[in-house]
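K.L.:
Residues per chain are reported as follows:
There are 2 protein chains.
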Amino acid sequence: MVVGLVETAVPTAKSTISSVVKKPTFLSSDPIINVARGDPTIYEPYWKKMGDRCKVVIAGDEFMSYFCNTMNLCWFLLPELDNAIRTLHRVVGNAMVDDDRFIIVGNGSTQLFHALLYALSSPDLPEPINVVAAAPFYSSYPEETKFLQSKLYKWAGDANCYDKDEPYIEVVTSPNNPDGSIRGTVVNREGSKAIHDLAYYWPQYAPITSKADHDAMLFTFSKATGHAGTRIGWAIVKDKVIAAKMVKFIEVSSIGVSREAQLRAAKILGVIADDCRNPDHKGENLFQYGRRLMSERWGKLREVGMKSNGVFSACQSTHEIIANSPANTLIQTLLLHG
Amino acid sequence: MVVGLVETAVPTAKSTISSVVKKPTFLSSDPIINVARGDPTIYEPYWKKMGDRCKVVIAGDEFMSYFCNTMNLCWFLLPELDNAIRTLHRVVGNAMVDDDRFIIVGNGSTQLFHALLYALSSPDLPEPINVVAAAPFYSSYPEETKFLQSKLYKWAGDANCYDKDEPYIEVVTSPNNPDGSIRGTVVNREGSKAIHDLAYYWPQYAPITSKADHDAMLFTFSKATGHAGTRIGWAIVKDKVIAAKMVKFIEVSSIGVSREAQLRAAKILGVIADDCRNPDHKGENLFQYGRRLMSERWGKLREVGMKSNGVFSACQSTHEIIANSPANTLIQTLLLHG
Numbered sequence: 001m002v003v004g005l006v007e008t009a010v011p012t013a014k015s016t017i018s019s020v021v022k023k024p025t026f027l028s029s030d031p032i033i034n035v036a037r038g039d040p041t042i043y044e045p046y047w048k049k050m051g052d053r054c055k056v057v058i059a060g061d062e063f064m065s066y067f068c069n070t071m072n073l074c075w076f077l078l079p080e081l082d083n084a085i086r087t088l089h090r091v092v093g094n095a096m097v098d099d100d101r102f103i104i105v106g107n108g109s110t111q112l113f114h115a116l117l118y119a120l121s122s123p124d125l126p127e128p129i130n131v132v133a134a135a136p137f138y139s140s141y142p143e144e145t146k147f148l149q150s151k152l153y154k155w156a157g158d159a160n161c162y163d164k165d166e167p168y169i170e171v172v173t174s175p176n177n178p179d180g181s182i183r184g185t186v187v188n189r190e191g192s193k194a195i196h197d198l199a200y201y202w203p204q205y206a207p208i209t210s211k212a213d214h215d216a217m218l219f220t221f222s223k224a225t226g227h228a229g230t231r232i233g234w235a236i237v238k239d240k241v242i243a244a245k246m247v248k249f250i251e252v253s254s255i256g257v258s259r260e261a262q263l264r265a266a267k268i269l270g271v272i273a274d275d276c277r278n279p280d281h282k283g284e285n286l287f288q289y290g291r292r293l294m295s296e297r298w299g300k301l302r303e304v305g306m307k308s309n310g311v312f313s314a315c316q317s318t319h320e321i322i323a324n325s326p327a328n329t330l331i332q333t334l335l336l337h338g
Numbered sequence: 001m002v003v004g005l006v007e008t009a010v011p012t013a014k015s016t017i018s019s020v021v022k023k024p025t026f027l028s029s030d031p032i033i034n035v036a037r038g039d040p041t042i043y044e045p046y047w048k049k050m051g052d053r054c055k056v057v058i059a060g061d062e063f064m065s066y067f068c069n070t071m072n073l074c075w076f077l078l079p080e081l082d083n084a085i086r087t088l089h090r091v092v093g094n095a096m097v098d099d100d101r102f103i104i105v106g107n108g109s110t111q112l113f114h115a116l117l118y119a120l121s122s123p124d125l126p127e128p129i130n131v132v133a134a135a136p137f138y139s140s141y142p143e144e145t146k147f148l149q150s151k152l153y154k155w156a157g158d159a160n161c162y163d164k165d166e167p168y169i170e171v172v173t174s175p176n177n178p179d180g181s182i183r184g185t186v187v188n189r190e191g192s193k194a195i196h197d198l199a200y201y202w203p204q205y206a207p208i209t210s211k212a213d214h215d216a217m218l219f220t221f222s223k224a225t226g227h228a229g230t231r232i233g234w235a236i237v238k239d240k241v242i243a244a245k246m247v248k249f250i251e252v253s254s255i256g257v258s259r260e261a262q263l264r265a266a267k268i269l270g271v272i273a274d275d276c277r278n279p280d281h282k283g284e285n286l287f288q289y290g291r292r293l294m295s296e297r298w299g300k301l302r303e304v305g306m307k308s309n310g311v312f313s314a315c316q317s318t319h320e321i322i323a324n325s326p327a328n329t330l331i332q333t334l335l336l337h338g
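Protein chains in written order, with full-length UniProt numbering: chain A, 1 to 338; chain B, 1 to 338.
No lab work stands behind these hints, which were simulated from the structure alone. Watch out, some of these pointers could steer you wrong.
To be verified - Only pairs whose alpha carbons sit at most 20 Å apart, straight line, appear in this in silico SDA-like list of lysine to any residue: (1) A:154 <-> B:154; (2) A:151 <-> B:123; (3) A:48 <-> B:57; (4) B:151 <-> A:304; (5) A:238 <-> A:73; (6) A:146 <-> B:240; (7) A:55 <-> B:147; (8) A:146 <-> B:122; (9) A:245 <-> B:126; (10) B:240 <-> B:126; (11) A:211 <-> A:185; (12) B:48 <-> A:61; (13) B:151 <-> A:152; (14) A:151 <-> B:152; (15) A:49 <-> A:288; (16) A:151 <-> B:142; (17) A:55 <-> B:267; (18) A:146 <-> B:244; (19) A:245 <-> B:142; (20) B:267 <-> A:59; (21) A:146 <-> B:126; (22) A:146 <-> A:157; (23) B:49 <-> A:49; (24) A:245 <-> B:55; (25) B:146 <-> A:144; (26) B:146 <-> A:288; (27) A:49 <-> B:57; (28) A:248 <-> B:149; (29) B:55 <-> A:241.
What the hints assert, rightly or not - Quick list of the computed label-pair ranges, beta carbon to beta carbon: (30) A:135 <-> B:57: 20 to 28 Å; (31) A:182 <-> B:71: 38 to 46 Å; (32) A:69 <-> B:207: 48 to 56 Å.
Claimed, not checked - If you only want the chain A side, here are some residues facing chain B, beta carbon under 10 Å, derived: (33) 44; (34) 90; (35) 140; (36) 229.
As the structure is a computational prediction, the values presented were derived from the model and not from experiment. Positions of the beta carbon are idealized from the N, C-alpha and C atoms, including for glycine.
Just chain A, same shape as in the assembly (with noise of 0.2 Å):
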């Protein structure tokens, strides 16, 4: 879900995006590092070379219909993006994805966040749920909690002071947004729930170190593959019940995902997926190539940060990385701009 196009560490209740439209010269091309705006299209040379293997074809009399398979709790799931999926991630090693867990497809992660925090509140609550995470925190999360004001859940701010004695949801993004740090959930009260996101939990931007498996993980397309115009993220959710009422969310939402999409983002997530599995007749595989580029691009920042005099200052151990920028998007910054 941690999607970043333009976002500051400081939560705000404005647009972030609506600013780029106002200012369309949004990927800047002056000395200045721009940590506020981006597109990540990193990654498009490296899918320029892959050709036709990429390549999605679509006749006209395709995909007609609503249903992508009834026999699956989420029947919006296309059968080869699940397939897809669980195989990529068996492939990584970075989530657990046994045939006991379910599979929920999104319009992007964001949408999949919304439905966990309908999934995970109740309307039998007297209170609306609290939301908290830790600071500093994706900027978009008050925005989206807050947004509909809804009865069944509410921002409550920073986890590290939350001291309420209520139900709450805790936001874990790990590596974080926007600070690159590997992160657990902080408040751990018992009856407590959680959710994931592991949308840099891929190798390009975090040692892999073992199979994450936690009751509702997020993944989005845009952080995997760089594909960010395809609006398609995945949860992996343990629970039986949590999953049906993410697949009600996504149908009461928007009647489900479009196909298009999720055959494409099916095709290139096995494409990568073959190539981390054959690496002797191709290249570098897509994990391999993102991170030389942000090795490469993490050099380039350390350079400037040394030259800009102590504006801001950084270190990376292991992918861990710190930044005391006012408004630091280190992960961003890395991923979007060269």
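Fit chain B to the supplied structure of chain A, relying on the hints for placement.
P.N.:
Chain B alone, transformed into the frame defined by chain A:
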């Protein structure tokens, strides 16, 4: 927005689509006309005949960006789709799409319905704004409105019975789902707001008597062409502030709309417009084809109705369809079942 996968004329809190998952044989082959389930694949043979004209090909390195057009208020709307929508409406003459109208694309018009509820409500009002529709109305409206228990808007039932002296939004579906009637607002109080859902205001479902020119109009690709798996809807909006709020809603909900689906919708809408403008070298255009199918189905339905000894009675006069079946969905029946 009127999609009517599984619906009755009676509001229900129960998921209508989920029941399909439980009973996957949703398109029954038995002789009973099942008006409660369906999938609009009626036009599949038509599109099959189109062959490569409607084929889309997408390379792996295309559509990497979040942005479709940063100069447009609706920055996630593909210019090709914007152009195809305006062109088709001009050719058909069913909606005013002058350049001062804003086109907002959504993940199905379902998402745009939610966007309009958000855009037409106000956090400054002391109470949630009332949302009404004249019965019989599309069964999902109440659920979609109540779903997240927003403090911004609330479902207030049948517009025919609305007598509160409070602000309200009236949802008008014309031709109406489920009964096919041509409709206008029924409350007509000063300062009112309306959502005009014109999903079926196309030549195969209704005579096009004028260019609709309401403040906020919804259309959906699934009913215009039968491509339900492509979650594309569009709104035509007069007021810039409302349009901007809708864009904001879709930004916060899903960061836009998949480019692949938009590209495909643009291609297919373009082919329809071309065939309407150049009738000489083709057979039936989509609307002629659809109209013929509707007539055939209407004939069959009437026959069944006569044999059923008054279980339902119906009449059709210039596509005004009236039915008194307890769970009638006549438009759906015509559309979905042969």
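K.L.:
Are the hints correct? Go through all of them and say.
P.N.:
Quick rundown of the hints versus the structure:
A C-alpha spacing of about 18 Å is found between residue 154 of chain A and residue 154 of chain B, which places the hinted pair at or below 20 Å, so the restraint holds. Restraint check for residue 151 of chain A and residue 123 of chain B: satisfied, since their Cα atoms lie roughly 14 Å apart, inside the 20 Å limit. The suggested pairing of residue 48 of chain A with residue 57 of chain B holds, with an alpha-carbon distance near 15 Å, which does not exceed 20 Å. Distance hint between residue 151 of chain B and residue 304 of chain A is unfulfilled; the C-alpha atoms sit about 48 Å from each other, more than 20 Å.
For a cut-off of 20 Å, the pair hint linking residue 238 of chain A to residue 73 of chain A stands: about 13 Å separates their Cα positions. Distance hint between residue 146 of chain A and residue 240 of chain B is unfulfilled; the C-alpha atoms sit about 23 Å from each other, more than 20 Å. Taking the CA atoms of residue 55 of chain A and residue 147 of chain B, the gap is near 39 Å; set against the 20 Å cutoff, the hint is violated. The straight-line distance between the Cα atoms of residue 146 of chain A and residue 122 of chain B is roughly 14 Å, inside the 20 Å bound, and the hint therefore holds.
Simply put, residue 245 of chain A and residue 126 of chain B have alpha-carbon atoms about 30 Å apart, too far for the 20 Å limit, and the pair is violated. For the suggested pair residue 240 of chain B and residue 126 of chain B, the alpha carbons sit about 24 Å apart, so the restraint of at most 20 Å is broken. The straight-line distance between the Cα atoms of residue 211 of chain A and residue 185 of chain A is roughly 17 Å, inside the 20 Å bound, and the hint therefore holds. A C-alpha spacing of about 5 Å is found between residue 48 of chain B and residue 61 of chain A, which places the hinted pair at or below 20 Å, so the restraint holds.
As the CA atoms of residue 151 of chain B and residue 152 of chain A are separated by approximately 10 Å, the hinted pair is consistent with the 20 Å bound. With a C-alpha separation of about 10 Å, the suggested pairing of residue 151 of chain A with residue 152 of chain B holds against the 20 Å cut-off. Of the supplied pair hints, the one linking residue 49 of chain A and residue 288 of chain A holds, its CA atoms being roughly 15 Å apart against a limit of 20 Å. With a CA separation close to 17 Å, the supplied pair residue 151 of chain A and residue 142 of chain B stays within the 20 Å bound.
Using a Cα cut-off of 20 Å, the hinted pair residue 55 of chain A and residue 267 of chain B holds, with the two alpha carbons roughly 17 Å apart. For the hint pairing residue 146 of chain A with residue 244 of chain B, the CA-to-CA distance comes to about 18 Å; that is within 20 Å, so the pair holds. Note on residue 245 of chain A and residue 142 of chain B: the hinted pairing holds, with a Cα-Cα distance of about 18 Å set against a maximum of 20 Å. For the suggested pair residue 267 of chain B and residue 59 of chain A, the alpha carbons sit about 11 Å apart, so the restraint of at most 20 Å is met.
With a CA separation close to 17 Å, the supplied pair residue 146 of chain A and residue 126 of chain B stays within the 20 Å bound. Proximity of residue 146 of chain A to residue 157 of chain A is assessed by CA-CA distance (about 11 Å); at most 20 Å being required, the pair is judged to hold. Simply put, residue 49 of chain B and residue 49 of chain A have alpha-carbon atoms about 34 Å apart, too far for the 20 Å limit, and the pair is violated. For the hint pairing residue 245 of chain A with residue 55 of chain B, the CA-to-CA distance comes to about 35 Å; that exceeds 20 Å, so the pair is violated.
Between residue 146 of chain B and residue 144 of chain A the alpha-carbon distance is near 18 Å, which keeps this suggested pair within the 20 Å criterion. Of the supplied pair hints, the one linking residue 146 of chain B and residue 288 of chain A is violated, its CA atoms being roughly 47 Å apart against a limit of 20 Å. Annotation: proposed proximity of residue 49 of chain A to residue 57 of chain B holds, straight-line Cα distance about 17 Å (limit 20 Å). For a cut-off of 20 Å, the pair hint linking residue 248 of chain A to residue 149 of chain B stands: about 15 Å separates their Cα positions.
Taken as a hint, the residue 55 of chain B and residue 241 of chain A pair is broken in the structure, with Cα atoms around 39 Å apart against an allowance of 20 Å. A C-beta distance of roughly 46 Å is found between residue 135 of chain A and residue 57 of chain B, which places it outside the suggested range of 20 to 28 Å. Distance hint for residue 182 of chain A and residue 71 of chain B: a CB-CB separation of about 40 Å, consistent with the stated range 38 to 46 Å. Between residue 69 of chain A and residue 207 of chain B, the C-beta spacing of about 39 Å breaks the proposed range 48 to 56 Å.
Evaluation of the residue 44 of chain A hint against chain B yields a held restraint, the C-beta minimum of about 5 Å falling below 10 Å. Look at residue 90 of chain A: its Cβ only gets to about 22 Å from chain B, farther than 10 Å, so that hint breaks. With its C-beta approaching chain B no nearer than about 7 Å, residue 140 of chain A sits inside the 10 Å limit, and its interface hint holds. Residue-level restraint check for residue 229 of chain A holds (minimum Cβ-Cβ distance to chain B is 4 Å; threshold 10 Å).
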